[in-house]
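*Asks:* Each protein sequence line maps, in turn, to chains A and B.
Adding 500 to a residue's 1-based position in the first sequence gives its number in my numbering.
Adding 1 to a residue's 1-based position in the second sequence gives its number in my numbering.
Rather than coming from a laboratory, the hints here were simulated on the basis of the structure.
One or more hints might be untrue.
Chain B residues, not near chain A, derived (Cβ > 12 Å throughout) [to be verified]:
# : residue
1 : Glu71
2 : Ala93
3 : Glu183
One-sided and incomplete, this derived list gives chain A residues near chain B with beta-carbon spacing under 10 Å [to be verified]:
# : residue
4 : Phe574
5 : Gln575
6 : Leu690
Built from N, CA and C at the ideal position, the CB exists for glycine as well.
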Amino acid sequence: MSLVNFTTREITCKIVYYGPGRSGKTTNLQYIYGRVPEERRGRMVSLATQTDRTLFFDFLPLELGSISGFKTRFQLYTVPGQVYYNATRKLVLQGSDGVVFVVDSQARQLDENIESMQNLHANLLEQGLDIRTLPVILQYNKQDLPPELILTPAELDEALNFRAWPSLPADAINGHGVFETLKAASEAVLRKLSEERT
Amino acid sequence: MDLNQLFRFDTFLVGASNRLAATAARTVAQTPGTAYNPLFIYSATGLGKTHLLMAIGQQAKQVAPTVVVEYLTLEEFVEAFHAAVAAGQSDAFRNRFGNVDILLIDDVQFLTHRREMQAELLRLIGQLQAADKQIVLSSDCPPAEIEGLDERLVSGFAGGLIVDMGRPDFETRLAILRRRSEERGAEFGPGVLEAVAAFEAANVRELVGTLNRLAAFQAVNEAPLTPESAAALLGWEGGEAPAVPAPPPPKPADEFSDFLSDVTSVLARQVEAWRRRVAEAIMRWEGEGYRTARLEALLNQSAPVSSEAALRQFERDVERLRELEAEMTGMDPTGGGHAAFRDPDRVADAEALVQRARDGLSPPPGPSALWTFEQYASGEANRVALSAARAVGEQPGRRYNPLVLVGPAGVGKTHLLHAIANLLAQAPGAVVACLSAQDFLDELVQAIERDRVDPWRARYRRVTALLLDDVHLLAGKERSQEELFHLFNHMAAAQRQLVFTANAAPRAVAGLDDRLVSRFDGGLVAELAPPDRDLRQALIRRHLAIRAGEPDGDLVDYLAARPADSARAVLGLVQRVLGAAEARGAIPTAALARELLEGAVPPAARASVSVRTSGLVASPVGIVKSREKFVWSWPNPADRLVEELS
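I would like the entire structure built from these sequences, with the hints used as guidance.
*Replies:* Right, here's the structure in full:
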């Protein structure tokens, strides 16, 4: 997907929230949705099962209005976390400009995190997206849980972040770190604007 | 931004509610950087923050002309910062503000959650304070209430002086009203301003707006306002002051705005400056309804282009289109919507359109140069009307608007009307329409026939004064009255002079629309009475002097003593005497006049159904109700009198 369209003077950023099941991707989007003035947000589309698990994906369009003369819009997607929805994940990843990888900080979820990360690598490769240049932000979610249950950001960096991507601690359910993550992701994505053309 | 010259300390009214702020501001202006630094002024909107800030700047410049003063709103400050950052010139930005002696920043409440701006401001304040430079800030709330404001800024502000201004008390309100009405040259009856001041206006702007309404009302109504009528006019009957709007609820913590400003600043860095300028120009012109294809093509270039020249050219083209469109709507209100006026690539088309319109537009009929004030004989019978006419001629649109001259036929209404028109036409840029209501009606009928009503209307809408003779002729002519009504409103709104004549007071003319009548009554209705003896004498003396040299005193007295119900009849007498004298080769004397007038038989032609006037045959009861008016199209009115009487 092309990020900047000079003919229509539009900048469109597609950011995909990736990560294992129940790590808090939809929670991130819901928190953002709640903070966006009504005229700026589209309808949040959420295809969930009866037990509130994301079945297909969540989609939250954000209209940021005119910035530097460009109509700027962000499209936030989540992928279903459960392992068996890999086809959907591939579909959602198509044409993404950046990825937020939401990590479940609980110690017992480490394997799921690693598995999902490997899945991300595999899917990106399949999509022809270069993991080395695609902006990725790690969000260490659920840092509000008791310390004995979770791994610290440093430990998680050690386990997951061998590419030294920017990483942020978060507590998405209470909103801590949600916008910080979004900001980091959008900055990283927008920075690619000038790189792409040169 | 430039300082508004009107915002000075001597135009700032000090009352109990703003004394502290005003004193602090004066101190700061006189000794910048020493007394209170920073000075932080806060108050609700419309109470004079901007006034005080600008007053500080002006006073400081008076005290020391070399002082560098910079006034700007926070928005402008942010914009300047973003622009500097985007252009990679943040050092230039810092130099610009680092070198001022007095920095005045308005509306800093918009610092809410703008962390990068706060950091920049903090740095700047530190730098200026270290150099003993003055900083003055204004806001609509105290620093502690500015959402998401850096603690260091809050404490920094507290280190200077934080003052607030309240709503003006009764005395201050009254003083403001008195001063403003003096400035406007508006005088109000006793108790009126007090009555206005008694209501608690939410802010000074509202107060001044109220005053403006009263002044406008009083300007068009001769009767001075009373406290009661003022209250009634403002809809405050029953003693209820307008409700003061509640302050807006405080904004919730706004993570989204924060995110948005972050994205904005990142984008500003990422999009090349020229592309941003072009894109912003497109946004702006598109928003104003102009076609921007030329700029869009520019944006699609991959290589950097010199956008400056193209943007300037585009702007010039738009400017030209605007001028053309304004001219076009002046001539033909429906012509302004043409697509060519919205496409900078079609300036030539637009020029051609306007040229065509110009060619089709002739100026409206003007006054006859023969009738001036110099030739107008004055007497008791027309004194009021004459002085009102002069006042209108000298101060069009401001004294009596409209002026309605009423009186029977032949007392000099038309002469006076044209005299006013001639005087008005002398003003530079004046376009004066002076015509009979009959011509007005005929023109309209013709315009309707030819489907040219809009241009016809436009022709009159651009005049600076409209003088319409014999407006009673429009009685029963609905369409003409309708047009006149709209034209009247258009002219009155633009404070352009309107003068009418009628054979009776508007109210007494059957078939005139009430809305017109009330508008006529809203100006001054001045009556011209049939000439009294003095006036007749003056008329005769003047006329004889023109035709036969120094007038014979006996002749003047004799003629003046004869009854005549109009100036025209008086002149007819003179004309007959002169004609007879000429025929006999004698000089006109009282004896000759007596013989002629007392022995003469009334001319039979007067009684005939139709009258020959300059080759035109018109029934006196036909479409032209006042056949005397044919005289206009004649170069010399005296010729007509000879013809009619012979």
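*Asks:* Hint by hint, note whether the structure agrees.
*Replies:* Going through the hints against the structure:
1. For Glu71 of chain B, the condition that its CB be more than 12 Å from all CB atoms of chain A holds, with the nearest at approximately 25 Å.
2. For Ala93 of chain B, the non-interface assignment is confirmed: its Cβ lies about 19 Å from the closest Cβ of chain A, beyond the 12 Å cut-off.
3. With a least beta-carbon separation of about 46 Å from chain A, Glu183 of chain B lies farther than 12 Å from that chain, consistent with its non-interface assignment.
4. Interface hint at Phe574 of chain A: satisfied, since its Cβ lies 8 Å from the closest Cβ of chain B, which is below the 10 Å cut-off.
5. Contact between Gln575 of chain A and chain B, as hinted, is not supported at the beta carbon level, the nearest pair being about 14 Å apart and thus beyond 10 Å.
6. At its closest, the beta carbon of Leu690 of chain A sits 5 Å from a beta carbon of chain B; the interface hint therefore holds under the 10 Å criterion.
In summary, the one numbered hint that this structure violates is 5.
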